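Colleague: One letter stands for each residue in the lines below.
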Amino acid sequence: MEAFRQEIIVGSVVVYMIFCVLTGLWAMRRTHNTSDFFIAGRGLGPIVVALALFSSTLSGFGFVGGPGLVYSVGVTSFWMVVISSTGYAVGFFLVAKRIRMIAELRDCISLPDVVAARYGSQSVRFLIAITIVLGVMGYLATQILAMAVVMQAILAGTETFAEVGLVTCVVISSAVLIFYCVTGGIIASVYTDVVQGAIMIIAGALILFTAMSVFDGGMQEASSIILADDAEAIMPYGAAGIMASLGWFFVFGLGLAGQPHIITKMMMNKNMSDNRTILPMSLFGYAMAALLWISIGIIMRAAVIDGVVDPLTLPDDAASMFLTVFANPLLAGVVFAGLFAAIMSTSDAFLNIGTAAIIHDIPRAIGGRSIRNELFWARVVTVLLAIVAASFALYSHFRDATLVAILGAFGWGTFAASIFPVVAVGLNWKGATVPGAITAIIAALLINFVTQLGGYTLPYGISGQLIAFASSMVLFIGVSMLTKKPELASDIDQMMDI
Amino acid sequence: MRSKLIYIIFVVSLLMAGILLAISLAEPVINASGEAHPQFPGMQVGGDGLARFEQIGNLGFAFQCLLLIQIVLLSLLGIPERYRSRKILVYMGGTIVLTLFIAWQMYSTHLQYLETGITSYFLGFPTATAWAVYGTWLGAIPLVILYSVGFHKYIHTPEDEEQYKKLLIAKADKTEQAND
Chain C
24 MEAFRQEIIV GSVVVYMIFC VLTGLWAMRR THNTSDFFIA GRGLGPIVVA LALFSSTLSG
84 FGFVGGPGLV YSVGVTSFWM VVISSTGYAV GFFLVAKRIR MIAELRDCIS LPDVVAARYG
144 SQSVRFLIAI TIVLGVMGYL ATQILAMAVV MQAILAGTET FAEVGLVTCV VISSAVLIFY
204 CVTGGIIASV YTDVVQGAIM IIAGALILFT AMSVFDGGMQ EASSIILADD AEAIMPYGAA
264 GIMASLGWFF VFGLGLAGQP HIITKMMMNK NMSDNRTILP MSLFGYAMAA LLWISIGIIM
324 RAAVIDGVVD PLTLPDDAAS MFLTVFANPL LAGVVFAGLF AAIMSTSDAF LNIGTAAIIH
384 DIPRAIGGRS IRNELFWARV VTVLLAIVAA SFALYSHFRD ATLVAILGAF GWGTFAASIF
444 PVVAVGLNWK GATVPGAITA IIAALLINFV TQLGGYTLPY GISGQLIAFA SSMVLFIGVS
504 MLTKKPELAS DIDQMMDI
Chain D
241 MRSKLIYIIF VVSLLMAGIL LAISLAEPVI NASGEAHPQF PGMQVGGDGL ARFEQIGNLG
301 FAFQCLLLIQ IVLLSLLGIP ERYRSRKILV YMGGTIVLTL FIAWQMYSTH LQYLETGITS
361 YFLGFPTATA WAVYGTWLGA IPLVILYSVG FHKYIHTPED EEQYKKLLIA KADKTEQAND
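Protein chains in written order, with the working numbering: chain C, 24 to 521; chain D, 241 to 420.
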């Protein structure tokens with residue numbers, strides 16, 4: 024079986040991509056209008072929503088960047104993961120019920136629709152839409168590039184496709200993504216998420232077992248190797264220190280309830296009471312998939328220190344090196360398929376919300392109404408958005424990494440700082456005002472942009488994202504308290520009392 | 241407590257922002273956010289743990305405690321005001337105590353290691369790290385249990401569902417009238 028390692032891996036990925044295409048075709052028959060295209064007609068069952076929720080949370084970062092970060096800074100990176108239980112709990116307490124109610128009450132098909140209904144303000148809608156578009160561009164570009172780089176690495180190990188270029192890989196991977204997103208919209212997206220989620224759960228569990236067997240003493244031996252080399256790396260706050268750890272704790276914990284690609288899925292379940300089972304199922308899925316993140320990173324750091332494996336050129340090589348050296352070919356095939364699944368599940372979520380922001384929310388914010396033939400234009404913009412993101416990705420790779428890096432800064436942290444106060448707090452507090460929301464969003468965008476563009480480094484590993492989030496919370500509540508209490512629309516007022 | 245909740249959340253937010261400012265202004269330490277491993281490219285090391293804690297250790301821990309409190313307060317904000325009974329407040333208070341206990345165990349065992357250089361292990365990790373990994377994750381489980389098990393009692397009751405349906409009926413009537 025070892026002789027066919029590359030073929031097994033390539034085959035697994037090809038099978039998964041064929042599945043995506045077939046799902047797109049199936050979902051196309053169930054997509055009749057923009058409500059179906061963007062929120063699956065609010066008709067999804069709890070298992071589908073649960074798997075879609077955690078799949079969208081864990082992108083390719085969970086398979087490549089995450090283990091690489093653990094390899095690099097040790098336990099500091101754990102704080103992005105261990106906070107998952109908190110993040111999901113807070114998200115469900117604050118958002119799940121109210122976003123579902125407001126979505127049905129006001130026929131919302133996007134997050135900007137929700138904030139426009141809540142605040143009665145097109146300005147807030149516009150700002151949230153712009154935030155989404157900026158964040159989506161950066162995220163999508165990095166995800167498409169990651170997909171293409173991994174595909175190229177896999178194909179380079181075969182005889183037939185050894186010389187395949189990056190551009191070809193971008194075209195192939197983007198084509199599959201675009202096809203099932205355009206044909207089936209969010210329905211295709213969430214049903215591929217179901218399979219993606221299952222793959223990620225299985226991969227996480229299998230990787231943990233494999234990782235535990237690398238050293239005779241299991242994880243404890245790996246930990247003691249790291250401890251002997253540098254104690255701080257394996258101690259609670261890791262090599263990057265207490266404030267880097269707590270910054271990620273804050274931004275990834277509370278920030279989960281501010282991620283548009285996650286909370287829009289809370290609008291899609293058929294019944295309100297499904298939320299009570301969706302929360303624990305999502306949490307279970309995420310925890311299982313995150314085992315891969317933690318175990319690969321720790322084992323690879325220990326293996327390099329102990330001389331079992333040669334030092335890595337880049338931290339992000341941790342996962343692929345682990346699979347090459349320690350995992351059997353079948354497991355490697357499952358994990359690589361899972362990696363593509365993870366990247367695609369996040370990419371399709373972003374493609375969907377980015378399209379909604381461009382063809383649905385921005386026209387409404389500026390012109391006061393939707394454009395005609397919205398479903399048709401949704402499909403067109405999906406294609407265009409993916410092409411633009413892919414172009415950014417290639418440009419950044421070959422010419423100038425700054426552009427994607429800047430847009431990439433408009434990622435998790437910016438969504439967290441801009442959206443969490445306005446949506447998560449705002450949906451539960453009648454005193455939240457339009458000036459409060461606008462101030463919070465603008466402050467979050469400016470602080471994130473300035474700290475990233477200016478390359479400012481703050482002492483003790485404090486990140487710009489943490490400053491932005493802490494500031495936006497204070498500003499949102501403070502400015503709302505100082506400004507005139509709003510008069511809510513009657514149905515919104517009653518909804519917030521339920 | 242119930243109607244003043246947003247003010248408490250605001251005060252906690254202000255305290256957290258204040259701590260961040262204080263940390264930003266604290267005396268810098270060379271390896272505060274890690275430095276390159278002398279041998280292996282791409283790896284970072286933390287170096288002298290005690291030195292890193294000297295200026296900001298307690299401030300950082302205070303920030304962590306406030307964050308844990310804020311998480312529970314925000315979860316409470318998501319429970320409709322009429323369901324924030326004494327029972328719920330005691331439950332949430334207990335959750336805060338649990339998470340603060342876990343955080344204290346993590347911090348104190350870490351300091352103990354820094355002073356003695358000795359640690360035991362639990363499920364694969366040094367004790368302090370085990371508190372961080374397993375304890376932090378499990379610390380939110382009371383919130384998950386409250387949401388899932390108490391959903392029909394505290395989050396969305398049958399009466400809430402009736403009220404919600406009335407809103408939807410009113411919306412449908414309004415739409416019908418507009419079409420006429």
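In short, the hints are calculated from the structure, not lab data. Any given hint could be a false lead.
Taking lysine-lysine and the BS3-like style, the derived pairs with C-alpha atoms no more than 25 Å apart in a straight line are [as the list claims (entries may be wrong)]: (1) C:Lys293 to D:Lys327; (2) D:Lys405 to D:Lys393; (3) D:Lys414 to D:Lys327; (4) D:Lys327 to D:Lys406; (5) C:Lys293 to D:Lys393; (6) C:Lys453 to D:Lys393; (7) D:Lys244 to C:Lys293; (8) C:Lys508 to D:Lys393; (9) C:Lys508 to C:Lys453; (10) D:Lys406 to D:Lys393; (11) C:Lys453 to D:Lys405; (12) D:Lys406 to C:Lys453; (13) C:Lys293 to D:Lys414; (14) D:Lys327 to C:Lys508; (15) D:Lys244 to C:Lys453; (16) C:Lys453 to C:Lys507; (17) D:Lys406 to C:Lys293; (18) D:Lys244 to D:Lys393.
Computed from a prediction, not measured in an experiment: that's the story for all the values here.
Colleague: Evaluate each hint against the coordinates.
Modeller: Hint-by-hint comparison with the structure:
1. A C-alpha spacing of about 31 Å is found between Lys293 of chain C and Lys327 of chain D, which places the hinted pair above 25 Å, so the restraint is violated.
2. For a cut-off of 25 Å, the pair hint linking Lys405 of chain D to Lys393 of chain D stands: about 18 Å separates their Cα positions.
3. Distance hint between Lys414 of chain D and Lys327 of chain D is unfulfilled; the C-alpha atoms sit about 40 Å from each other, more than 25 Å.
4. Of the supplied pair hints, the one linking Lys327 of chain D and Lys406 of chain D is violated, its CA atoms being roughly 29 Å apart against a limit of 25 Å.
5. Between Lys293 of chain C and Lys393 of chain D the CA atoms are separated by roughly 20 Å; this keeps the pair inside 25 Å, and the hint holds.
6. Proposed proximity of Lys453 of chain C and Lys393 of chain D is supported: the alpha carbons are some 23 Å apart, at most 25 Å.
7. Our distance criterion of 25 Å between C-alpha atoms is broken by Lys244 of chain D and Lys293 of chain C, whose separation comes to about 34 Å.
8. Restraint check for Lys508 of chain C and Lys393 of chain D: the C-alpha separation of about 30 Å exceeds 25 Å, so the hint is violated.
9. Between Lys508 of chain C and Lys453 of chain C the alpha-carbon distance is near 8 Å, which keeps this suggested pair within the 25 Å criterion.
10. At most 25 Å may separate the alpha-carbon atoms for a hinted pair to count; Lys406 of chain D and Lys393 of chain D meet this at roughly 20 Å.
11. Taken as a hint, the Lys453 of chain C and Lys405 of chain D pair is honoured in the structure, with Cα atoms around 21 Å apart against an allowance of 25 Å.
12. Of the supplied pair hints, the one linking Lys406 of chain D and Lys453 of chain C holds, its CA atoms being roughly 21 Å apart against a limit of 25 Å.
13. Restraint check for Lys293 of chain C and Lys414 of chain D: the C-alpha separation of about 23 Å stays at or below 25 Å, so the hint holds.
14. With a C-alpha separation of about 31 Å, the suggested pairing of Lys327 of chain D with Lys508 of chain C is violated against the 25 Å cut-off.
15. Between Lys244 of chain D and Lys453 of chain C the alpha-carbon distance is near 13 Å, which keeps this suggested pair within the 25 Å criterion.
16. At roughly 12 Å between alpha-carbon atoms, Lys453 of chain C and Lys507 of chain C fall within 25 Å of each other, so this suggested pair holds.
17. Pair hint Lys406 of chain D plus Lys293 of chain C holds up; C-alpha atoms about 18 Å apart against a cutoff of 25 Å.
18. For the proposed pair Lys244 of chain D and Lys393 of chain D, the alpha carbon gap of about 23 Å is at most 25 Å, so the pair holds.
Checked against the numbered hints listed earlier, the structure breaks hints 1, 3, 4, 7, 8 and 14; every other hint is satisfied.
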